[in-house]
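Q: Each chain, written out:
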Amino acid sequence: MAEVAKGVPKIKLTEVVKRFGDKTVLDGVNLSIEPGESVAIIGGSGTGKSVTLKCILGLLKPDSGSVTVDGEEVVGARGREMSRIRTKFGMLFQGGALFDSMPIWRNVTFGLTQGRMTDTAHMRRVAEENLERVGLKADILNLRPNELSGGMQKRVALARAIAPRPEIIFFDEPTTGLDPIRADMINDLITSLVNDLGVTALTITHDMVSARKIANRVAMLYNGRIIWHGPRDRLYDSGNPYVDQFVQGRADGPIR
Amino acid sequence: MTESFPASMLAAFAAIGRPVIGVFAMFGRIMTFAFTALVRAVTPPYYPARFAAQLMEIGWYSLPVVGLTAIFTGSALAQQIYTGGSRFDASSTVPAIVVFGMVRELGPVLVGLMVAGRVASAMAAELGTMRVTEQLDALTTLRTDAFRYLIVPRMAAAVIALPVMVLIANSIGIMGGYLLAIYKLGFNSASYLATTRKFLQADDIWMAVIKAAVFGFIIGLMGCYNGSRTAGGAAGVGKATTDAVVSAFILILFSDLVITIVALK
Numbered sequence: 001m002a003e004v005a006k007g008v009p010k011i012k013l014t015e016v017v018k019r020f021g022d023k024t025v026l027d028g029v030n031l032s033i034e035p036g037e038s039v040a041i042i043g044g045s046g047t048g049k050s051v052t053l054k055c056i057l058g059l060l061k062p063d064s065g066s067v068t069v070d071g072e073e074v075v076g077a078r079g080r081e082m083s084r085i086r087t088k089f090g091m092l093f094q095g096g097a098l099f100d101s102m103p104i105w106r107n108v109t110f111g112l113t114q115g116r117m118t119d120t121a122h123m124r125r126v127a128e129e130n131l132e133r134v135g136l137k138a139d140i141l142n143l144r145p146n147e148l149s150g151g152m153q154k155r156v157a158l159a160r161a162i163a164p165r166p167e168i169i170f171f172d173e174p175t176t177g178l179d180p181i182r183a184d185m186i187n188d189l190i191t192s193l194v195n196d197l198g199v200t201a202l203t204i205t206h207d208m209v210s211a212r213k214i215a216n217r218v219a220m221l222y223n224g225r226i227i228w229h230g231p232r233d234r235l236y237d238s239g240n241p242y243v244d245q246f247v248q249g250r251a252d253g254p255i256r
Numbered sequence: 001m002t003e004s005f006p007a008s009m010l011a012a013f014a015a016i017g018r019p020v021i022g023v024f025a026m027f028g029r030i031m032t033f034a035f036t037a038l039v040r041a042v043t044p045p046y047y048p049a050r051f052a053a054q055l056m057e058i059g060w061y062s063l064p065v066v067g068l069t070a071i072f073t074g075s076a077l078a079q080q081i082y083t084g085g086s087r088f089d090a091s092s093t094v095p096a097i098v099v100f101g102m103v104r105e106l107g108p109v110l111v112g113l114m115v116a117g118r119v120a121s122a123m124a125a126e127l128g129t130m131r132v133t134e135q136l137d138a139l140t141t142l143r144t145d146a147f148r149y150l151i152v153p154r155m156a157a158a159v160i161a162l163p164v165m166v167l168i169a170n171s172i173g174i175m176g177g178y179l180l181a182i183y184k185l186g187f188n189s190a191s192y193l194a195t196t197r198k199f200l201q202a203d204d205i206w207m208a209v210i211k212a213a214v215f216g217f218i219i220g221l222m223g224c225y226n227g228s229r230t231a232g233g234a235a236g237v238g239k240a241t242t243d244a245v246v247s248a249f250i251l252i253l254f255s256d257l258v259i260t261i262v263a264l265k
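Those sequence lines, one after another, are chains A and B. Residue numbers for the first sequence, in this note's numbering: 1 to 256. Residue numbers for the second sequence, in this note's numbering: 1 to 265.
A few of these clues could be false.
Covered by chain B, according to a simulated footprint, are these stretches of chain A (three or more residues, beta-carbon under 8 Å) [to be verified]:
{"no.": "1", "region": "111-122"}
{"no.": "2", "region": "131-145"}
Covered stretches of chain B (chain A as the covering partner; in silico rule of three or more C-beta atoms under 8 Å from a C-beta of chain A) [stated by the list, open to error]:
{"no.": "3", "region": "43-50"}
{"no.": "4", "region": "221-228"}
DSBU-like, lysine-lysine: derived pairs with alpha carbons at most 30 Å apart [said to hold, decoys possible]:
{"no.": "5", "chain 1": "A", "residue 1": "Lys-23", "chain 2": "A", "residue 2": "Lys-61"}
{"no.": "6", "chain 1": "B", "residue 1": "Lys-265", "chain 2": "A", "residue 2": "Lys-23"}
{"no.": "7", "chain 1": "A", "residue 1": "Lys-61", "chain 2": "B", "residue 2": "Lys-239"}
{"no.": "8", "chain 1": "A", "residue 1": "Lys-137", "chain 2": "A", "residue 2": "Lys-12"}
The set of hints was computed from the structure by calculation and includes no laboratory data. No residue lacks a Cβ here, since even glycine has one placed at the ideal position from N, Cα and C.
Chain A on its own, in the form it takes in the complex (with noise of 0.2 Å):
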């Protein structure tokens, strides 16, 4: 691993605009989060959060700006090293993402086999250890993705993010679909994994108690640019009209 100097943020995002044809989605994004810690950005739906997280991922190229991780330029990196990059990521997509021609346990040691069947015995060791720390047993190694629940399958792609030990993870909605009780469990889940693992966490959601417990700070995405960010005990008393009527949830206010 390359030494990083002191005072580098673990992810730097410097004016990112990315568009689809006539269609600005982020108009000069700016946002620095630092070694351990855990980050949510919020904003209702169509606002860019993916796509925000997809250009950190190197999953699409930002049309302008800079995208740098450990200090090192996201934005046009070439194959190689862009997979050395992705070698720190680690991400939890919002339907799971889980390959369903898969047995689990082939799911779960995806990232360290890249499919290959190698050392089957150790993987599946590995694939057990992994489930364990999201709180599932090892009756499930061979079952298939869809005869899982939703909850389960979460936790299954969260053991599947983690299983390479990723310096930085990704959580897209990591709540949205799940019973409040589940939803709760995946966040006291994802707050144990993150503060266990000493990784760096960036969580998207609309899901404001999810955003409260998860993250340390928070940071408002509005019409392509973070408008407001702040710790989150701030969160209710941001004084920027947006965020509240945003997190109070009202249909009245600047937000249309």
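Place chain B on chain A using the hints.
A: This is chain B only, laid out in the frame that chain A set:
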């Protein structure tokens, strides 16, 4: 000069220009996709197990469909030529035309179309579902190249499987014609086979193999290209599947014409 051009005229040019540019853009995207697949196919990592699985899926499991198509077509061909040929007393040309028709034209085209219907649709639906459920993105974040892991094995397996299947289909089709000729039309078995052998030439077999490889490439390309570009949920997957099959059908028939003309000029 714009004022001498009425706005409606400009609109008409725009209406023609837009789809034309669209077609060129699409052509460019497909070429880029094919080129990327080609480059990734020859650079590691390779996934032989994935390739073998696709070979089974595309080749082995398509055999029943292909076999039935071939035997029906071969028999029908024999009957048609016999009935048509009897008008000018040329019924003895049955074995020759069955061989020509099957090997040069009907074998490759029908196998191509049957496999396109079965496989291009399956590829587009599977990759399309993976796209809309973010499984393709997940693959990338887990540092696995979707081209090498999913697309190259499918395209390579299609290119390799199709020629083999066409050779099998040609044999079965000729056998279908033979059986009908012997048992229904009363041909002499030995002389039918002798004529068949006489008219079965290496050039024609090569043509069948080349056509089949091209059709396999088209099937793999259309299935994977349309699948991996899917957008818009379940409806998007449906559209990708339809696009894959229709475009594969048209390209197969078109390239068949081109190869035939070029080879027989």
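Q: All hints, please: hold or fail.
A: These are the hints, each one checked on the structure:
| no. | hint | verdict |
| --- | --- | --- |
| 1 | 111-122 | holds (count 5) |
| 2 | 131-145 | violated (count 0) |
| 3 | 43-50 | holds (count 4) |
| 4 | 221-228 | violated (count 0) |
| 5 | Lys-23(A) x Lys-61(A) | holds, 15 Å |
| 6 | Lys-265(B) x Lys-23(A) | violated, 52 Å |
| 7 | Lys-61(A) x Lys-239(B) | holds, 26 Å |
| 8 | Lys-137(A) x Lys-12(A) | violated, 38 Å |
The structure is inconsistent with the numbered hints 2, 4, 6 and 8, although it conforms to all the rest.
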